[in-house]
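Engineer: In the order they appear, the protein sequences are chains H and U.
Position 335 of the first sequence, counted from 1, bears residue number 334 in numbering that gives the first Met the number 0, the numbering being contiguous throughout.
Position 30 of the second sequence, counted from 1, bears residue number 29 in numbering that gives the first Met the number 0, the numbering being contiguous throughout.
Just so you know, the hints here were simulated from the structure itself, not pulled from any lab data.
Idealized CB from N, CA, C, for every residue including glycine.
Hints may be right or wrong, so weigh each one.
[Claimed, not checked] Simulated coverage check for chain U against chain H, where a stretch passes if three residues somewhere in it have a Cβ under 8 Å from a Cβ of chain H: (1) 38 to 48; (2) 65 to 74; (3) 84 to 93.
[Stated by the list, open to error] With a Cα cut of at most 25 Å, we get these calculated SDA-like pairs of lysine to any residue: (4) U:Lys31 x H:Asp90; (5) U:Lys31 x H:Ala384; (6) U:Lys31 x U:Val73.
[To be verified] Listed next, with one range per pair, are the computed distances between beta-carbon atoms: (7) U:Ser86 x H:Glu205: 29 to 39 Å; (8) H:Ala25 x U:Thr23: 27 to 37 Å; (9) U:Ser59 x H:Pro207: 43 to 53 Å; (10) U:Ser86 x H:Ser107: 54 to 64 Å; (11) U:Ser92 x H:Arg433: 27 to 37 Å; (12) H:Gly49 x U:Glu11: 44 to 54 Å; (13) H:Pro440 x U:Ser86: 45 to 55 Å; (14) U:Ser68 x H:Leu390: 55 to 65 Å; (15) H:Ala35 x U:Glu11: 17 to 27 Å; (16) H:Asp90 x U:Ser86: 55 to 65 Å; (17) U:Ser86 x H:Gly223: 36 to 46 Å; (18) U:Pro66 x H:Thr56: 24 to 34 Å; (19) U:Arg76 x H:Gly49: 33 to 43 Å.
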Amino acid sequence: MLGMNMNPDMKDPFIRPDGDAGRRGAMLVLASAAAAVVMLSALLLLGYVGRMRSGQTARERAAQAGLTSAGAGEWLAWSLSGRGLQPRDLDGTSFESGGFSTRMDLLSTAPVPPASVTIGEFPAGTAAVASDGSISLLTPSGDSLEVKVFDPSGRWFDQLPSLRVPEGSVIAGTGSGSGYLFAVITADPEPSVLFTARDGSVTRCEAPALEPAWTAAEAGLLDGMPAVVLYRSEGPVIAILRNGSLLQGGSAVEAALGLDCAGTPVHAGEGPASIVRCDADMDGADDLAAVSPSRITCFTASGTVFSDSVPGASPAAWGFSRVSSGFVVCWEGASGRTWRRLGWSGFQSIDPVAALSGPSWTGLLHEGCNCVAGDAGGLRIASCASGESMLLAGGRPVFADIDGGPPDAIIWNGGSLSVVLDPVEGEGTGSLWRLSTMEEPGSTRIDTLFIPVYMDGSGALSVRTGGA
Amino acid sequence: MTDSRAGYSLIETVLASAILIVVTGALAMSVKAFSDGQESVSCRASALVIAADEMADAESWPGSVAPGSRTVEVDGREYSIDTRLISEDTGGSFNDLTVTVTVTGPSGGPVTLERRFVESKGAEWR
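The shape of chain U in the complex, shown without the other chains:
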């Protein structure tokens, strides 16, 4: 065996190292993206449940949901709940009430649900 065949050339080593670095970087980024994505989806799933619960309360106990912001803690994470009520006069003795609930968690962006109700004038909802 000659000296030139005792190992790998510099360029081969550089090439192999570059491939390994790129691959390792890509793997790391994908693991990070997976982890972030999982966290984001988990947060959004919790936010959706919170928003759906707020809407269920609004349907079950009309008038129980007040406009404004508040925070709740679910599974160790803090979520902000923003509720907006917009009432439009439809004529007659009813209003068209739109309830919008936006829940924002620590990651994943806000989740917004909207529901329109028929609200009796002079009464607290319907």
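For reference, chain H alone in the conformation it holds in the complex:
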């Protein structure tokens, strides 16, 4: 049917100037070529569709593999903390979810320092006070204070309306659970206390003349009401409640002992002072100790007042020490350092444990389940067992309970502010893991995960992450 009229004179079969059959053949060749091109285009289209589908399938598999890997990481962290398993117990185990399997391989384990959170750089003059589970950052701006509140757990800032605060005012933060951020104690233009709530609202309380001069202040709750207690060297002298009530003398002492959710004391006026809340006499109730440059006065919940001084010496470091069985004070004078402890009959000299005598502690000490934390050339912890110490951060630490539980340390280092969480819990154990999830044959998703686990005073384990 496709026969051509062969011309015996023609040598070249492709040159048929006078042959219709040749023209038809050429046309059919062209038609076939065109059909082939069109078919090729169709095949390319179908191939493109196939690639789109397989690409989408790959994305879906990758998403599921990511979720499986994330679930494996969470399960791993829970197994190390909530179930109390050791890293080696979990090495090589698998986690199944969504049709994928993640294999968990332990790469290494190492001790890790307490978790820290870098808050950022702030201008000179900025004050950082712990307030109700967060940190209030107060930056002077003219006759006002710019107020930012930093939440260490969520790592976010909240900007509050600026406060008009006269120069020379003192700001006392409140402890966790108070519902209030801080109290501003001011004497200008007239003595008053401004209680700042979480929503930024301010309640002003008129206060009588704030005499005699006070040197330290605490803010907290008294029977659920915001209150401020002012101290002199010898102890509490005035308690001011948000409703304007004023308590003095013995009532001020009772108010100080009953102050809940108290924040870190702040200091004003001349001379160092410190207020310590602890079970100084180990009778199960919190007591109060006022530290002045030459004397320690301890107000117990039972009503007994103990006082101590060492001629020619001043308190250099102090705090409650369980391993020393009570409230201890390090007196420093020309003859060196002497440690004394509050016992049933008052203060007595003691031979301190290595964790106390090792570093040159300054100021308030905190003791956890296995170490002592304090200021010794920066934030330092010392092992209760061995006495070995480790510097965690430079700068001067101020202890405050920010996240609930043991005290945390707020540290200024130059203009940089950071928080070390629960330093008294000491070092934790960090484990580095490789999580392998097969997405496709020949394609494996690899994630690495570092899990720091810390033990608190009760022996409970928790995972705590730091970072910026």
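Chain U: place on chain H using the hints.
Structural biologist: Here is chain U on its own, set in the frame of chain H:
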């Protein structure tokens, strides 16, 4: 030129027409497959984003994702979201919670994502 060479024979015409019809049909089918495939992949891509968002919500705000079905409209298309929660007691104070989110669009079939969480007993997730 003779009459027999004036045009194409019937059989040639039929053959050429058949080729053209087959090719045109194949082209049309491939264009349709391309169009359907594109629509299907587009729907599945949106369904994947919706499912991933649901999972992200579940991770960010534990307890915010409730079991059941609902629909959402994205880019003029309606998608059905089916969420299932299966909690298994692992002993101690935690449960092993499996969240499965299945999103079905107008074409392309459902997309399913699954995530296992560690859930505190007595609390809404973890």
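Engineer: Would the hint linking Lys31 (chain U) and Val73 (chain U) be met if the CA-CA limit is 25 Å?
Structural biologist: Roughly 24 Å between the alpha carbons, so the hint for Lys31 (chain U) and Val73 (chain U) holds.
Engineer: Is the coverage entry for the region 38 to 48 of chain U by chain H consistent with the three-residue Cβ rule at 8 Å?
Structural biologist: holds (count 5)
Engineer: Please verify whether Lys31 (chain U) and Asp90 (chain H) have alpha carbons no more than 25 Å apart.
Structural biologist: At roughly 52 Å apart (the allowed maximum being 25 Å), Asp90 (chain H) and Lys31 (chain U) break the hint.
Engineer: Confirm or reject the claim that Ser86 (chain U) and Glu205 (chain H) have a C-beta distance inside 29 to 39 Å.
Structural biologist: Given range 29 to 39 Å: violated, Cβ gap about 56 Å.
Engineer: Evaluate the given range 54 to 64 Å for the C-beta pair formed by Ser86 (chain U) and Ser107 (chain H).
Structural biologist: Violated - the Cβ-Cβ distance for Ser86 (chain U) and Ser107 (chain H), about 34 Å, lies outside 54 to 64 Å.
Engineer: Please check whether Ser86 (chain U) and Gly223 (chain H) have a Cβ separation lying inside 36 to 46 Å.
Structural biologist: Hint holds: Cβ distance 38 Å, inside 36 to 46 Å.
Engineer: How does the Cβ-Cβ distance of Ser59 (chain U) and Pro207 (chain H) compare with 43 to 53 Å: does it lie in that range?
Structural biologist: 50 Å, holds
Engineer: Do the Cβ positions of Pro66 (chain U) and Thr56 (chain H) conform to the proposed distance bound of 24 to 34 Å?
Structural biologist: 27 Å, holds
Engineer: Note whether the CB distance of Pro440 (chain H) and Ser86 (chain U) lies within 45 to 55 Å or breaks it.
Structural biologist: Because 33 Å falls outside the window, the suggested range is violated.
Engineer: Do Ala25 (chain H) and Thr23 (chain U) keep their Cβ atoms within the hinted range of 27 to 37 Å?
Structural biologist: Taking Cβ atoms as reference, Ala25 (chain H) and Thr23 (chain U) lie about 22 Å apart, which means the hint is violated.
Engineer: For Arg76 (chain U) and Gly49 (chain H), compare the CB-CB distance with the range 33 to 43 Å and indicate the outcome.
Structural biologist: Cβ of Arg76 (chain U) to Cβ of Gly49 (chain H): about 23 Å, so the range 33 to 43 Å is violated.
Engineer: Taking 55 to 65 Å as the hint, is the beta-carbon distance of Asp90 (chain H) and Ser86 (chain U) inside that range?
Structural biologist: Because 28 Å falls outside the window, the suggested range is violated.
In this structure, the hints that do not hold are numbers 2, 4, 5, 7, 8, 10, 12, 13, 16 and 19, in rising order.
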